[in-house]
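Using the sequences provided together with the hints, build the complete structure.
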Amino acid sequence: MVACSVTIEALVARYGVVAIFLGAGVEGEAAVVTGGVLAHQGLVSLAGAMAAAVIGSFVADQLFFAGGRYFRESRPVAAIRRRSAYARAIDLLERYPRRFIFAYRFVYGIRTVSPIAIGTSRISQRLFLAVNLAAAIVWGCVFSAIGYAFGNVIEEMLGRIGTGRLILFGAAALLAVGGGWFAWRKWRERSA
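Taking this note's numbering, the leading residue of the sequence shown gets 332, the next gets one more, and so forth.
Read the hints as simulated data drawn from the structure, not as lab findings.
Not one of these hints is a red herring.
Here are the simulated distance ranges between beta carbons: (1) R403 x G373: 41 to 47 Å; (2) R345 x E520: 44 to 50 Å; (3) A480 x E520: 36 to 42 Å; (4) V438 x R521: 20 to 26 Å; (5) A465 x V349: 22 to 28 Å; (6) E358 x F513: 16 to 22 Å; (7) R429 x E520: 29 to 35 Å; (8) V357 x S415: 19 to 25 Å.
Yeah, the Cβ is synthetic: ideal placement off N, Cα and C, and Gly gets one too.
Now the structure itself:
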């Protein structure tokens, strides 16, 4: 029988940058701030965390843009086009194209739908690529730096809470966010 002596720290050190890359594209700020905290703890390099955040965000948004551009008549894109966030994104895009492309990733509620909306618009691929790259660099570096800068504070908070309370707090936070999201959706449906 072979004993397994792999620690969580070793796994994070080995695959942390990959997780940050995937998290930046799928989840967003929380994954990138966590990457900064991991860099603060010395489990990944800060440059690696920032690069993974920038590249993950950039690649995901390029893929969402391509989905909007080349699959605009598909069922998933058509469903997104019916959402109120899509209409808001298109309105802002038409009024402030470059500023909107740069800023949407910083605005909660339109982050995922925006590159798809931009893909369905007349914005050129070249313009989106250039502004998306600049925005991904700023976004990835800023949120990684926030995690790095506040690493001590976050570590102290988590250490004081304890594992059991942390799990309860996380479950309560998920329930609160889920309940808030559900209530917000119902309110939006009634006011529409």
